[in-house]
Amino acid sequence: MILRILATLVLSACGVSGDEDIVIADFEAATWGDWQISGTAFGSGPAAGALPGQMSVAGFQGRGLVNSFAGGDESTGTALSPPFRIERSHVAFLIGGGADAAKVGVELLIGEQVVRQATGAESEDLVGDAWDVSELQQQLARIRIYDYASGGWGHINADHFIQTDTPPERFDLTARLEQYRKSAEYMDEMFRPQFHFSPELNWMNDPNGLVFHDGEYHLFHQYNPAGNTWGHMSWGHAVSRDLLHWEHLPLAIPEVNGVMAFSGCCVVDTQNTSGFGSDENPPMVAIYTGHGHGRQVQNLAWSIDRGRTWRLWEDNPVLDLNNPDFRDPKVFWHHPSQKWVMLVSLAAERVLVFYGSTNLKQWTELSRFGPAGSIQKPNWECPDLFELPVEGRPGETRWVLEADMGAGAIAGGSGGEYFVGEFNGTEFRASQHAQWVDFGRDFYAPISWNNLPQQQQRQVWLGWFNNWETCLVPTSPWRSCMSVPRTLSLRSVQFNNEEPEQLVLVQQPIEELKQLRTSTLTPDTSGIAWPPTAATSPGDLGGYEFELEATLIPGQGRSLGFRIRSGSDEYTEIGFDRWQNAVYVDRTHSGVVDFHPRFAGRHLAPARLVDSGIQLRVLIDRSTVEVFINDGEAVISDRIFPVGDDPVLELFCGGEGAQIRDLRVHRLQTVWRK
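Quick note, the sequence shown lines up with residues 1037 to 1710 if you use this note's numbering.
Check before you lean on any hint, since a few could be wrong.
Pairwise CB distance ranges, derived in the manner of DEER restraints [stated by the list, open to error]:
#1 T1561 x L1285: 44 to 50 Å
#2 E1534 x A1138: 57 to 63 Å
#3 N1352 x A1084: 38 to 44 Å
#4 D1208 x V1646: 52 to 58 Å
These are calculated hints, taken from the structure and not from any lab test. If you're wondering where the values come from, they're calculated on a predicted model, not measured in any experiment. Cβ atoms here follow ideal geometry from the backbone N, Cα and C, with glycine treated the same way.
Let the sequences and hints guide you as you build the complete structure.
Here is the structure:
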């Protein structure tokens, strides 16, 4: 032991790397100690986490960290370390906060010269970073943490500066995933949906790159490999052979050099127009928004091994307007004009731009659409464009253009709208006014699958099952899920005699979902009135995952319907309101609702009587509710967070002649565990 210590001291004195890390600063004390502090941004000592007015801060070690949010983003200042001698190959640290390196960041100084620099990525989740300092051995250095910014993301977070010969990985998910996959709660936490897609760990938002290739449905998505809130956006990845059972794969496209991989799409370049693959092995090509350094650009990545590994194109970006709000490309092959078409959003201008290309690399602007639709929206993003058949009219099709808004949607917060019209390969022309995609609060950024087999003769999409306004839902160690995949068509509908018929987007759960049914109950619905009467017991349901099929006959009363997840003084009410001619979901008493003041509420979708009734199909999956009205001509998607252990299904009818008929309750099996 004595010999080992002596050898380590000799190696260190000679400037040769030793085994153990050297701590430069861990910020565990209550004061700054020997650090020199200027300005007001850093406060009187290390922070214990988030400061007043700041989002949750995570990823730091121990009890304290450097956080320049003292006084908010308006405050400025610097923190300068005492000198230390460089004795290892790397200086490693944890970093988060703002991304503008000219205003916020961390610097390594030799004398007064800045020799290394790093900054955050507009995330409060700290991640590992390191400088290679092999060439600087035995020189005296200092670390300066600086905050010269006074606007949004005008702060920096940092922690645990060490000298090391084994720098950490930036996103070290491997150990966490291995441990989580062995846990008893794997994919089975209290609010974890059992037939909806969700990430194993951490934050997820928009679906990206939906494409079918070589027998697999690919689902990429916005993912934070560093934590359970938004940040460090990268592309997560999963595959399925039936759109039900998903295999989680490693990170596909990570954040690189301060540039996040924002939303986008994926195509199979079957003719190898890009030259990334070959005729025998056509490449998968991802087209996505690179977000960083004050602007958003469109980038390419490609794979020739079924999406398992990805290479960024060396000549990225393929589109750069030097614009901070230019994002979310959707690309597809337009057969009549024999070219690739890209639809991308100038989000702040609420304009969608069409581009054309023959090789996915060089793009020419074709036309623009917008501003249009809701006048309330602050932005317009995540567009999609596809051709759909019109039900009951063989051979007739229309094009549907969909785009989303971060606020101002029909139920409050974020949501989407669509237009029905014509697309000629160059421009889209709407033939109807904008209509809402979903009437709930929790369906955002839907995107359709590219390259589906022709024999399927269907269009399928899915959306993020969340709302930007209330997105920090009470789940851990994961956050967010997707809707069920939905097949799409158009239907001619007349909601009342005073309005003409119009084509509406029809969304229905994919047919494959019926494969998950394990049993069916047919509760007695005779004599149901008020107050709500139990139609099943907890034992009947056997769990939380089920679907309802029923027809509601309104009669003379105001409303009738169901209360689901009823028990322990909580319930979610789904019914038809005759006074408002609408189906509604009321989640005011649904369980945990106090995590955001705008979460609780009652959400309405217009509904017409068909053969004197309203047909409903309702999917209930622990914390998700999807209500498909009259075979999908309107949908309400809402999250709920009930805590009762004994969920009961209750029925209610109000008024003479009201009845619930044809009620069937299908028990669904999990897709995550045997």
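Original post:
What hints, given by number in increasing order, does this structure fail?
Top reply: Checked against the structure, no hint fails, so every one of them is satisfied.
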